[in-house]
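For the protein sequence lines, the chains are R and Z, in the order given.
Following my numbering, the numbering of the first sequence begins with 538 at its first residue and continues without gaps.
Following my numbering, the numbering of the second sequence begins with 60 at its first residue and continues without gaps.
Rather than coming from a laboratory, the hints here were simulated on the basis of the structure.
Worth double-checking, as some hints may not be accurate.
[Unchecked claim] Restricting the straight-line Cα-Cα distance to at most 27 angstroms, the calculated cross-link-like pairs of lysine-lysine (BS3-like) are: (1) R:K582 with Z:K251; (2) R:K725 with R:K776; (3) Z:K243 with Z:K348; (4) Z:K282 with R:K573; (5) R:K698 with Z:K189; (6) R:K698 with R:K573; (7) R:K725 with Z:K251; (8) Z:K243 with R:K698; (9) R:K575 with Z:K308; (10) R:K725 with Z:K243; (11) Z:K308 with R:K616; (12) Z:K243 with R:K582; (13) R:K764 with R:K814; (14) Z:K243 with R:K616; (15) R:K575 with Z:K179; (16) R:K582 with Z:K282; (17) Z:K189 with Z:K168; (18) Z:K348 with R:K725; (19) R:K698 with R:K656; (20) R:K652 with R:K810.
Okay, here's what each chain looks like letter by letter:
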Amino acid sequence: MDKNKKIISKRAAGIRGWIQAAATLLTNIHIPNLFKGKIYQGSAKTVCVPGLNCYSCPAASGACPIGAFQAVVGSSRFKFSYYITGFFILLGVTLGRFICGFLCPFGWFQDLIHKIPGKKFSTARLKPLRYLKYLILIVFVILLPMFVTNSIGMGDPFFCKYICPQGVLEGAIPLSLGNVAIRSALGKLFSFKCLILITVVVLSILFYRPFCKWICPLGAIYSLFNKVSFLKIKVENSKCVGCGQCSNACKMDVDVLKTPDHPECIRCGACIKACPKDAIHYQFMGMPCEKRASVDNNIQKSNH
Amino acid sequence: MKTKRTVISIFTLCTALLFTACSGKGTSNTEASRDTQTEAGTEVSGSSNTTLDDLYQQENQLFADHEDAWNKAFGMMNKSTADPSGNYADYLAATVESNKDSFTDDELKTLTDDIETIRKIEEQIAAIEKDNTASDNASQKDNSDDTSPFRNFSGQDYDGNSVDESLFSGNAVTVVNFWFTGCKPCVAELSKLNELNDTIKSMGGEVIGINTETFDGNEDAIKEAAAILESQGVAYRNLSIDSASDAGKYASDIMAFPTTILVDRNGNIVGDPMLGGIDNQDNYDTLMKQIQSVIDADGANK
Numbered sequence: 538m539d540k541n542k543k544i545i546s547k548r549a550a551g552i553r554g555w556i557q558a559a560a561t562l563l564t565n566i567h568i569p570n571l572f573k574g575k576i577y578q579g580s581a582k583t584v585c586v587p588g589l590n591c592y593s594c595p596a597a598s599g600a601c602p603i604g605a606f607q608a609v610v611g612s613s614r615f616k617f618s619y620y621i622t623g624f625f626i627l628l629g630v631t632l633g634r635f636i637c638g639f640l641c642p643f644g645w646f647q648d649l650i651h652k653i654p655g656k657k658f659s660t661a662r663l664k665p666l667r668y669l670k671y672l673i674l675i676v677f678v679i680l681l682p683m684f685v686t687n688s689i690g691m692g693d694p695f696f697c698k699y700i701c702p703q704g705v706l707e708g709a710i711p712l713s714l715g716n717v718a719i720r721s722a723l724g725k726l727f728s729f730k731c732l733i734l735i736t737v738v739v740l741s742i743l744f745y746r747p748f749c750k751w752i753c754p755l756g757a758i759y760s761l762f763n764k765v766s767f768l769k770i771k772v773e774n775s776k777c778v779g780c781g782q783c784s785n786a787c788k789m790d791v792d793v794l795k796t797p798d799h800p801e802c803i804r805c806g807a808c809i810k811a812c813p814k815d816a817i818h819y820q821f822m823g824m825p826c827e828k829r830a831s832v833d834n835n836i837q838k839s840n841h
Numbered sequence: 060m061k062t063k064r065t066v067i068s069i070f071t072l073c074t075a076l077l078f079t080a081c082s083g084k085g086t087s088n089t090e091a092s093r094d095t096q097t098e099a100g101t102e103v104s105g106s107s108n109t110t111l112d113d114l115y116q117q118e119n120q121l122f123a124d125h126e127d128a129w130n131k132a133f134g135m136m137n138k139s140t141a142d143p144s145g146n147y148a149d150y151l152a153a154t155v156e157s158n159k160d161s162f163t164d165d166e167l168k169t170l171t172d173d174i175e176t177i178r179k180i181e182e183q184i185a186a187i188e189k190d191n192t193a194s195d196n197a198s199q200k201d202n203s204d205d206t207s208p209f210r211n212f213s214g215q216d217y218d219g220n221s222v223d224e225s226l227f228s229g230n231a232v233t234v235v236n237f238w239f240t241g242c243k244p245c246v247a248e249l250s251k252l253n254e255l256n257d258t259i260k261s262m263g264g265e266v267i268g269i270n271t272e273t274f275d276g277n278e279d280a281i282k283e284a285a286a287i288l289e290s291q292g293v294a295y296r297n298l299s300i301d302s303a304s305d306a307g308k309y310a311s312d313i314m315a316f317p318t319t320i321l322v323d324r325n326g327n328i329v330g331d332p333m334l335g336g337i338d339n340q341d342n343y344d345t346l347m348k349q350i351q352s353v354i355d356a357d358g359a360n361k
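Extracted from the complex, chain Z is given alone in its bound form:
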């Protein structure tokens, strides 16, 4: 009896440990990999940033070493002729050249020498910055290659009008809200989503609803969904999509509702999906911030 009890307790303990071990490992693994990913990312950009800082530092050192001459030169600079995108060394040289007479020969010599050094430093800076933007572009490209389910999009609104991916290209950001008819929290945020749609319309955004029960043009489900949308005063578009399509598969993999995602002009999903309704003020603020950043990024790309 006693041995049996010990065996049982050991067995239970082992099972418990087994479960915790498994789950613990799972999380630690994912977390570890995420850590290394972000760390690696910061390291790369970090190292280029430090070299950039170094180079700028060298320039400043030159200015500091020959402070008197340079201060004189800076005093002669004209804001209106400054061209931020132009070559800095050229700009300095032009300033010095046009005011040649105000400098002594010694000063002129130091300045022209410094300008040559600065020209070399500027070349290095330009090379690094080019690299950085290139890698940024590359990583952006990687994301877009990540076959977004909204690249080839097709659906129908509840009146039977067909829509395709041009739905996304017309707006800087499209807020896609996944919901289903029997989901109370989903229904609770519908009126707020409608407000959001009105708010972001002028900013170049649109809210789209996708009800997972209305897949494949299910008419009964569409009727029911439309009745709920009407009762909540929703005016933004809701779409029925094909369950076998990429977007349909993406929606079927969603395990918690409501889920809201942001899609950019090119049909790429931006950021992580947001779970939970935006009738919660914190969620609303978070989403609004994300929307703003997508719109900003869209403006910058133009």
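Isolated chain R, as found in the complex:
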């Protein structure tokens, strides 16, 4: 069982790209809409998808949690988005930033862009920028939509409107390609956000996942749950020889041995793959591995 678990962990990390592709496809299942320039508006749109996936993507099967949060907070009908907050807590406690690594379409997009060959730079010296995403979460997602309102209490979705590059990539660009009226309405804001998207793309070639590290408010929310989430990464001290390969392999600049449940860990499994002693693996529901292994051994013994 112990060995199986590690094999499962390694396999999961190995096929991560395919899982990301499948998740992206599932969250954007209405492909024909891309060519019609129409947004799917069925009842599934009342449910959020786990990753950052624009509601206005013609193919989107659900709503973006960040977009939905702002829409409700900024609405005159509600003061706070309890439903979306509950959704964040549920997903945060079960999976944490595993969502960033495996399920988020924009994370996958950055992963793919990063595969473009060229000089790659480390973000280890840019660690203070990580806190920017919490600032964006508090200011652009919560405070501004909540308090900058018109006379009847309606706010703008500030993050979606002024920052989110995923909105341009999935929403504005395909919609304007398929819909003449929308194309004619594109203005300065669209140009500005295109510039943000281009910046993110260029930075993604040079750095690994710059948007996730520095900007993404959804990643910021999930990161708060990394330490308590059911899904974790476990380093077995008995097997670890302290070679440091895991921290070397980590592209999110996490010291895996010291803090395997660091808020920045997106559970991508690079450390699991890199470990020469197979001492690192995923675990779910916080059961310490040695115990489970011994329990399993007991069961095996009784079976004999």
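Since the structure of chain R is already known, use the hints to place chain Z on it.
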């Protein structure tokens, strides 16, 4: 490892190219087709215009060739007897006939000869102009055959009064504004739309609001919408329509709000829908210009 990396990079590049290729093709296709459409249009009208120009040129040439005689004739013309819709050759002949005595025989002969030539040219001009107006009418007809969603219209205002397509026939232009309650930019332009309604009332226009949340007589949504309308001081009519109706389907296909369209007396949509609020001065000016042109066209058709 190295081969893997190359494979991956090639794959990524291919995917990227695939996407750009697809989207690029999409746009170029539509743009190309639009280009050819407009080009074809100008070509047709262009060719008839050049023949028209040619014919007018021939007439002018006649006047220039026998300048002395014609100048004399033009000097005798009386503005009040000029009839723009009448036959030009007849008119010229009448002028010459009534002033026969002032011309020499030679002059009279040139003038009558010229008038006969002009008569033939005028016939050609008339034929071409008839063709042009016919094709104009045909294209207008095509538009109206384009089953406008407002041809058979039915709805209710928020007080429960039923309205039908006579809503449109009573005005030269009806400005239909699509909005929904949670849409901040939509709400932001409501007071401006009310001003617009007051402005165009005397010109034969009316603003109508359609809130997409109030479909099928949804009472809660109507109450909410009415409260917002009141808070923004809106006095123009807002209607609840059936989501299964043509107008309802048209509204459900709108992907960006607010969207404002113009509907003429016959229930036809005129021009392209306008996206964005008219609290933006540029949008207001554009819309106002369109409204004016619809009203002008309506006056011309009468």
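Do the hints match the structure? See the list:
no.: 1; hint: R:K582 with Z:K251; verdict: violated, 32 angstroms
no.: 2; hint: R:K725 with R:K776; verdict: violated, 57 angstroms
no.: 3; hint: Z:K243 with Z:K348; verdict: holds, 25 angstroms
no.: 4; hint: Z:K282 with R:K573; verdict: violated, 34 angstroms
no.: 5; hint: R:K698 with Z:K189; verdict: violated, 53 angstroms
no.: 6; hint: R:K698 with R:K573; verdict: holds, 23 angstroms
no.: 7; hint: R:K725 with Z:K251; verdict: holds, 23 angstroms
no.: 8; hint: Z:K243 with R:K698; verdict: holds, 12 angstroms
no.: 9; hint: R:K575 with Z:K308; verdict: holds, 13 angstroms
no.: 10; hint: R:K725 with Z:K243; verdict: holds, 19 angstroms
no.: 11; hint: Z:K308 with R:K616; verdict: violated, 32 angstroms
no.: 12; hint: Z:K243 with R:K582; verdict: holds, 20 angstroms
no.: 13; hint: R:K764 with R:K814; verdict: holds, 24 angstroms
no.: 14; hint: Z:K243 with R:K616; verdict: holds, 16 angstroms
no.: 15; hint: R:K575 with Z:K179; verdict: violated, 57 angstroms
no.: 16; hint: R:K582 with Z:K282; verdict: holds, 24 angstroms
no.: 17; hint: Z:K189 with Z:K168; verdict: violated, 32 angstroms
no.: 18; hint: Z:K348 with R:K725; verdict: holds, 23 angstroms
no.: 19; hint: R:K698 with R:K656; verdict: violated, 32 angstroms
no.: 20; hint: R:K652 with R:K810; verdict: holds, 18 angstroms
Of the numbered hints stated above, those contradicted by the structure are hints 1, 2, 4, 5, 11, 15, 17 and 19, listed in ascending order.
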